[in-house]
Amino acid sequence: MASDLPPPRSIPNDAAAEEPTRKPRGAPEAAVRLRRVTKRFGSTTAVDGVSLTIDMGSVYGLIGPNGAGKTTTFAMMAGYLRPSEGSLEVLGFAPAAVDDLRSRIGVLPQDALLPASDEVGEFLVHLARLQDVPPTKAVATARRALADVQGSDWWRQRCGSLSHGMAKRVALAQAFLGDPDVVLLDEPTAGLDPRVAWEVRQFIKTKRGRSSIVISSHNLQELEEICDAAAILDRGRVVAAGRMAELTASNDEVRVKVGRGTQRGGAPGSVSMQALRDLPTVKAVEFDDEALEIVVRFERKQADAETVIGQVLWTLLQNQVRISGVTKGRGLEQRVMDLT
Amino acid sequence: MSPLTEIRLVALRELRRGVRSAKGIALGVLTLLGAFVTSLVCVWIEGADRAKNLADSTQAYVALKRQLLEEATGDASFASYISSIPTSLLIFLKITVWLSPLLVALLGFDAVSGELQHRSVRFWTVRVRRWSYLAGKLVGLWALVGLVTLALNLLAGTVALVRGYVTPAELVQWGVRFWLVDLVIVGAWAAVATFISSCFRTPILALLTTFATFFVSWIAGAGGFISRQRHATDPGIALHMAWYEYFYPNAYDTLLLSPETWKVFTAFAILVGFAGITLAAGSFVFQRRDI
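Protein chains in written order, with the working numbering: chain A, 1 to 340; chain B, 1 to 291.
Extracted from the complex, chain A is given alone in its bound form (with noise of 0.2 angstroms):
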């Protein structure tokens, strides 16, 4: 009988009143959407006509020399900046759709001082009172935010007291203050010694897969090893985008560093150059003579770089050529430079 049955489990009102109030998510297409975008300061543009999509759930680089148009796209993305022209969409909003975006977007500015004369702690309150934390879980959110930044300690002091190092993980945590779905981080390491600047890093590893990550940094290296795809900006255009694999052609070659010493005064000879070539996943090798650098290109659809390291090892050991370093693809570094 449906009276002996028990009643169904329901939220208490008590409980369901302390629920953020946060917009129902939706499935959007795409983290962040640029549609050529333009931004001209007078008669400089400083972004021209930038097309870019950043997927859900990944962490996406901007990657640019000074004056490449980073960190104006980046702000753009922020809704600090207007675009002269095209549209941009974060989580399928206008960037100024503070209400649709409010909670679901979280943003570290590179050069936004915190207020010198607010605590961290009531600092925190205040921005998650703005998030529409309720006052009851406000405390806790920002408690664990700035947990999350070993920063637990600097709950009652005054901002305008913090190093340098301090100041930019309390702006870490307030940027990931409630989980957004989208969160911005404009140059997250500028300025740090290498021991904080390595936190930071692991600290956004950590929240890989929780939010889409949208990075604008001049560390290459902390890109590559934090990014999943990136787009390369050189005077305001986009030169190249793609997964982080495919830029740096990770997927495609394999460079192998020989030491001095080899045959011929550095170069490996020609029967182990011939017997790279002979090998059934590889495509083509060069030598280059300036860098004593072994180029493999291999088709990745018969093998991975990792077993195409494996045999090219194996080869040039054969061969008895002195081997220095291997690198898969040729470094997110050298791929900026040859573009940029």
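Hints were generated in silico from the structure; no laboratory data involved.
Keep in mind that a hint or two might mislead.
Stated by the list, open to error - A few chain A residues that don't get close to chain B, going by computed Cβ distances all over 12 angstroms:
#	residue
1	A30
2	T38
3	G57
4	S58
5	G92
Unchecked claim - Label pairs and their in silico Cβ distance ranges:
#	chain 1	residue 1	chain 2	residue 2	range
6	B	A169	A	T136	41 to 47 angstroms
7	B	V19	A	N66	39 to 45 angstroms
8	A	T136	B	V19	22 to 28 angstroms
9	A	R208	B	L205	42 to 48 angstroms
10	B	L205	A	D193	35 to 41 angstroms
11	A	P135	B	A280	57 to 63 angstroms
12	B	F215	A	R195	52 to 58 angstroms
13	A	V239	B	I277	44 to 50 angstroms
14	B	F215	A	G242	55 to 61 angstroms
15	A	G67	B	I277	37 to 43 angstroms
16	A	V239	B	R20	47 to 53 angstroms
The beta carbon of each residue, even a glycine, is placed where N, CA and C say it ideally should be.
Given chain A, work out where chain B should sit, using these hints.
Below, chain B alone, put in the same frame as chain A:
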């Protein structure tokens, strides 16, 4: 989240910041010290006026003022109303109203420009509508200056009460009214200061522009006042500049203290409209600017 909640949260933070900052504390202490001295001077002026007119009791002094005003205006009810206002408090009100733009400028010039300069504003604009942010800053500044003027009025009222020039009932009746007059006028000045502050990244430029704007407004008010006075003494002189007075928010204090309700509401509506239009203009500009 509703814009009102955003405004409330931003305003409360602004108020907290203002009360806690070194600038806020220093200005507060200086203002209160200055107000204490001023209130003593106001009481001294009333005392001297009473002595000059040989009014040895408050009733006799009020009666004398009523008689003089009735002779001057020919309006018995108006004379009766104005003469009932404690003189020292009225003088103090005139001084606080005159100085309130200075207080607003000093407390509010960096409300937005300071956060634009250091780009701290970027922490807010991804969470708050820009116009709510601006309105929150305005309300915060308004509340802060409102609290300071409340303290000033309490101080002046206490001095007049101790001297025996007002009764507690008169103090409540007129003190609250004077403070409300202050509050409405301060709202208009605060809107202008917030608007100007949102236009500059450099706080000192915002301060100078605020002072310049307030000074131009004061000149307009003074021009209007002089024109009206000249017309009063010689009706043959045209009232060319009289309407300039209405660009000066302080000029509305007389209307706000009028015994006629419609005048009070008209002045109130004009000042609220002035603040609203200024805020709307500021929001329009702030919404479109790069930060």
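Do the hints match the structure? See the list:
1. A30: Check passes; 19 angstroms lies beyond 12 angstroms.
2. T38: 14 angstroms, holds
3. G57: 20 angstroms, holds
4. S58: 20 angstroms, holds
5. G92: Correct as stated: the minimum Cβ-Cβ distance to chain B is 16 angstroms, above 12 angstroms.
6. B:A169 - A:T136: 41 to 47 angstroms: 44 angstroms, holds
7. B:V19 - A:N66: 39 to 45 angstroms: 42 angstroms, holds
8. A:T136 - B:V19: 22 to 28 angstroms: Distance hint for T136 of chain A, V19 of chain B holds at roughly 25 angstroms.
9. A:R208 - B:L205: 42 to 48 angstroms: Check passed, 44 angstroms falls within 42 to 48 angstroms.
10. B:L205 - A:D193: 35 to 41 angstroms: At roughly 36 angstroms between Cβ atoms, D193 of chain A and L205 of chain B fall inside 35 to 41 angstroms, so the hint holds.
11. A:P135 - B:A280: 57 to 63 angstroms: Hint violated: Cβ distance 30 angstroms, outside 57 to 63 angstroms.
12. B:F215 - A:R195: 52 to 58 angstroms: Holds - the Cβ-Cβ distance for F215 of chain B and R195 of chain A, about 54 angstroms, lies within 52 to 58 angstroms.
13. A:V239 - B:I277: 44 to 50 angstroms: 48 angstroms, holds
14. B:F215 - A:G242: 55 to 61 angstroms: 60 angstroms, holds
15. A:G67 - B:I277: 37 to 43 angstroms: 41 angstroms, holds
16. A:V239 - B:R20: 47 to 53 angstroms: 49 angstroms, holds
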